[in-house]
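Peer 1: Protein chains in written order, with numbering that gives the first Met the number 0: chain A, 0 to 219; chain B, 0 to 219; chain C, 0 to 233; chain D, 0 to 233.
Keep in mind that the hints were calculated from the coordinates and are not lab data. Backbone N, C-alpha and C define an ideal beta-carbon position, used for all residues, glycine too. A portion of the hints provided could be inaccurate.
What the hints assert, rightly or not - For the chain A half of the interface with chain D, some residues (derived, Cβ under 10 Å), not all of them: (1) Val-40; (2) Glu-45; (3) Leu-64; (4) Ser-83; (5) Gly-125; (6) Leu-130.
Claimed, not checked - Sample of chain D residues facing chain A (criterion: CB under 10 Å; computed from the structure): (7) Phe-25; (8) Cys-28; (9) Leu-62; (10) Glu-84; (11) Gln-89; (12) Gly-100; (13) Lys-157; (14) Phe-173; (15) Pro-175; (16) Val-203; (17) Glu-225.
These are the residues of each chain, in order.
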Amino acid sequence: MSGKERIARRIALELRDGFYVNLGIGLPTMITAFVPAGMDVTFQSENGMLGVGPAPAAGAADPDLINAGKQPVTELPGCSYFGSEESFAMIRGGHMDMSVLGAMQVDEAGNLANWTIPGKMVKGMGGAMDLVAGARRVIVAMEHQTKEGASRILKACTLPLTGTHVVHDIVTELCWIRVSAEGLVLTEVAEGLTPQEVQARTEAKLIVSPEVRTMAMVGA
Amino acid sequence: MSGKERIARRIALELRDGFYVNLGIGLPTMITAFVPAGMDVTFQSENGMLGVGPAPAAGAADPDLINAGKQPVTELPGCSYFGSEESFAMIRGGHMDMSVLGAMQVDEAGNLANWTIPGKMVKGMGGAMDLVAGARRVIVAMEHQTKEGASRILKACTLPLTGTHVVHDIVTELCWIRVSAEGLVLTEVAEGLTPQEVQARTEAKLIVSPEVRTMAMVGA
Amino acid sequence: MNKVVLSADAAVADIASGATVMLGGFGLCGIPETLIAALVRLGVQGLHTISNNMGVDGFGMGLMLEAGMIASHVGSYVGENRRLETMVLQGQLDLTLIPQGTLAERIRAGGAGIPAFYVPTGLGTVVAEGKETRQIGERMYVLEHALHADVALVKAWKGDRLGNLVYRKTARNFNPAMATAADLTIAEVEELVEPGELDPDQIVTPGIYVDRVVVGAAYRKPIEAEFIRSGGAA
Amino acid sequence: MNKVVLSADAAVADIASGATVMLGGFGLCGIPETLIAALVRLGVQGLHTISNNMGVDGFGMGLMLEAGMIASHVGSYVGENRRLETMVLQGQLDLTLIPQGTLAERIRAGGAGIPAFYVPTGLGTVVAEGKETRQIGERMYVLEHALHADVALVKAWKGDRLGNLVYRKTARNFNPAMATAADLTIAEVEELVEPGELDPDQIVTPGIYVDRVVVGAAYRKPIEAEFIRSGGAA
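Just chain A, with the same shape it has in the complex:
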C-alpha cells in the first residue's frame, strides 16, 4: 500500500453519514474509493456539482460533465448542478462539512501554502482560498516530506499563503496532527514508527498527545 493510499484510507475514517465533502485535486480525490460501505457521503465539485460520481467507462465521457480537476465524472442519483456563484456561496457560507486539500507547506499556526512558488510560473489559486476560508473542517492531506526530504510541516510557512489559521488537521503517511491553539498535537503515528521518529522528520515542534496511538485506516 502506497503512502498516499494510507493517507486516503485514514481520512476516510473521518467521514460521517450525511456529510457533504469537497476533495482537492490529486491525493484527496483518492478518498472517494474508501467511503465505508453503507455510508452516504455527498461529494461536491466546486465547478458546480453536488453528488459527483466516479469516472465514466472508457469512451463514455461527457465533456459537459467534469470535476474541478477537469476530469470527466458521472452523476449519482439526486445530484444537482449550479453556477459558480452558487457553488462558492455554498463553500464560503459554511455548508461543506469537510474540505480535504493538498499542501506544499503547513505551519504551527495552521497556516497553509499550496498554490504558488514565487519565481516559478503562477498557475493560480483556483478555489483553494475559498475552500479553506469556508469549510467547517479543513484537512490537509500530503506526503510528509518533499522529494528532497525537506519537512513540509514548518514552524512558519515560507511560501505565499493560501489561508491563515485555517487548517484543522494534517494527515501524512507518517502521522495525524491536530492543529490546536497550543500548537501542533501529534495524535497518531503510522505503525512501526515512534513519535520521536516523526518529530525527527518534522521541522515544526510537535506536542505529543498523552493519548497518541497507532494510525488506523479504513479497510486495513
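Given the structure of chain A, go ahead and fit chains B, C and D onto it with the hints provided.
Peer 2: For chains B, C and D alone, kept in the frame of chain A given last:
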C-alpha cells in the same frame, strides 16, 4: 376618460420595443392595457416573474401565480420565474428599463415619498426603495393633487422618503414634468390647460420648457 | 440518507422559544402552511421572525400572531394585518421594516458567507439611519449586514429525501434564499419524489441546504386579495 | 422581440479594441467556442479579459492569446497555458489571479447592483494586500469590489429568441453570473427553441440579461485533460 387613464395612456407612449418594465401597484398597472400594438414590452413582477400576463379568467386563478400586488396573473410565452434575491439583483443591478410608481409626494430635487405617513400605521416599503434605486428610468405616476386639493409636487417632501434624487419624470392628469439638475421642467400640459394653470395647482416651482406642448397619449 | 420526517409536528419539535425563524413566502403565496400550523401547535413563545410579509388576520403567519408567539419581526410589508397594527402600537411586538430587495440580499448573504455588503437602496431615507454610508465610484452606498436564522421554514413544490427542492411559479420567492441561511432548514413539499426524479439541471435548492423534509397536506393556498375581501372565510 | 443574430461574426462585430470582455466556462467546459472563433476573426486588440481560466494552447481562449488580442486578464487558474507563461514573464500581458469564489461573487455583484462586499477569503494572503480589512462579528474580512464588463460572451445549452437560457450539467459554471454583469451580453446556444418551450420554472438566465443569441455549430468540446495529453491534436 378618467385622469388615471390619461396618465396611463401618456406613459405608454414612453414604452419602446424590447423594454423590460416594472409597474407599481394601482395606477401604474393600468399601463399594461395601452402597450402599442406590435410592440414587445416585458413586465416584471418583483415577487419573481418576468413576462407577466393579464388577469386570469374568472375561476382560473392559480394561487401559485400572483403579481406583487398579490393578484392572480397569467403567463406569457417565454416568461420565467426566479427567487426574490434574483428578482432584486435584476432590479438593483440596473436591468429594468423603466419603473413606474405611484407617489404621495415628489419634490424639486427628484425626491420621492410613497410608503408611509408617520402616526398612521406603517405598512412597509416593500420593493419601492429597491426599484427607485435601481431602475434606469423612474417615472412617478400620480394624481396631481390630493383629494383635499393639496399639491403633491412640493418644494421639499415632508413625508419620509422612499429615495433621494431618484425620480426622472412625473406624470399627472395635468402635465408631464421632467426632473433636471435645474429643477422641475414642465414639458407638456393637458389639453385645455395653460402652464400657468398647472403652476397654480403646484407648490414646487415649475420651469416652463420653451418647447412646452400639449400632452399626447396612446390611442387618444 | 433520508431527511424525510413523517410529521410536521416532529419536524418542528426542537424549535425553542426565543428562536430566530425565517419563513418563506410572499403574501400568502408559497408559505409553509403545514409547518406554521405545527409551530402554532407546539406553542413556543418569543420568536424572532424574518419574513417578507406576515400573513393576514386568520391565515399564514397571522395565526402565529394570534397565538402571541412572536416577539419581533423583520420584513418589508405587513399591510394587511389589523392585529399586527394593534400589537405594534401597544408595544407588544418589535417591528423592523426594510426594503424587500435588501431583505432578500441580506438573507442570501447570510447563506453565502458574506457578512456585509453595500447597496444604493434606501440612501437618504430612514432605512439608512445609523448605517455606514460610503462613496464607491461616483455614487453613495449604504452598508447592510447579513441575516442568519436558527431555523428556516420553507415551502417547495417537489422534493426528494436528500432535500433537493424545486418550486412552482411565483411560490418560489424567498424560499430558496432562506433555505441557505439557517442552522436548521425544514422544507415542506407538496410532493415527495425519488432521488433522480428531479432533473439535476433544474434543482433550485440543492439538498445540502436542507435538513428535514415534510410532506404537506390539504393546502388551502388562499389568494390574498380574495381572502381579505371575503373576510378570511375562504 | 427577436434577439437572434444569424452569424457569430455579426454578433461580435461591434466589439471594440480595448474592451473588457467576460468569457464563461470552466477549463474547456461550457466555453463560448463559436464566439471566441468569431472574435479571433474580428481581429480586435488590447482586450481586457475576465474568465476563470484561459483555455489551453491551441483551444478556447488559447486562440485569443495566440492571436495577441489580450492585454490583461483576470482569472483564478491559468495552469495549462505555456504561451501565457511566456507572455506574462516577458511583460506582454498583465495577469491578475484571484480566488475562484471571489471571482464568481464579484461578477454576480457586478450584475446585482452591489458595488462591494466583504469575504473571509484570502485574509492574510497576497490576495488581501492593499485591500481594506475589517472585523465584523468575531472574524476579520476583506473588502472586494464588483466586476463589470463591456461585453460578456456566454455559452448555454438551449435558448429562445427572447434570450432565455438553460445550461447543461457542469457547463453552467460562470456563464449565468457573467450574463448579468456586462453592458452587452451575447449568448451562444447549441439549440434554439421557441419561446414557451423552456419551462418557466427552469429558466436559469432570464432573457432580460441577454442582448444577442447566436446558434453555435460544430462544437468540439474537448476534454481538457485528454486534450493536453494528446498535444492539442484532438
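Peer 1: Work down the list of hints and note, for each, if the structure agrees.
Peer 2: Against the structure, the hints come out as follows:
1. Val-40: Since the shortest Cβ distance to chain D is 20 Å, the answer is violated.
2. Glu-45: 7 Å, holds
3. Leu-64: 5 Å, holds
4. Ser-83: Holds, because the Cβ-Cβ distance from Ser-83/A to chain D comes to roughly 4 Å (cut-off 10 Å).
5. Gly-125: Holds, because the Cβ-Cβ distance from Gly-125/A to chain D comes to roughly 4 Å (cut-off 10 Å).
6. Leu-130: 8 Å, holds
7. Phe-25: 4 Å, holds
8. Cys-28: 5 Å, holds
9. Leu-62: Violated. Min distance 17 Å.
10. Glu-84: Holds, about 5 Å.
11. Gln-89: 12 Å, violated
12. Gly-100: This interface hint holds because 3 Å falls under the 10 Å limit.
13. Lys-157: Hint on Lys-157/D: violated, closest Cβ of chain A at ~13 Å, above 10 Å.
14. Phe-173: With a minimum Cβ separation of about 5 Å from chain A (threshold 10 Å), the hint on Phe-173/D holds.
15. Pro-175: 5 Å, holds
16. Val-203: Holds, because the Cβ-Cβ distance from Val-203/D to chain A comes to roughly 8 Å (cut-off 10 Å).
17. Glu-225: 8 Å, holds
When the structure is compared with the earlier hints, violations turn up for hints 1, 9, 11 and 13 and for no others.
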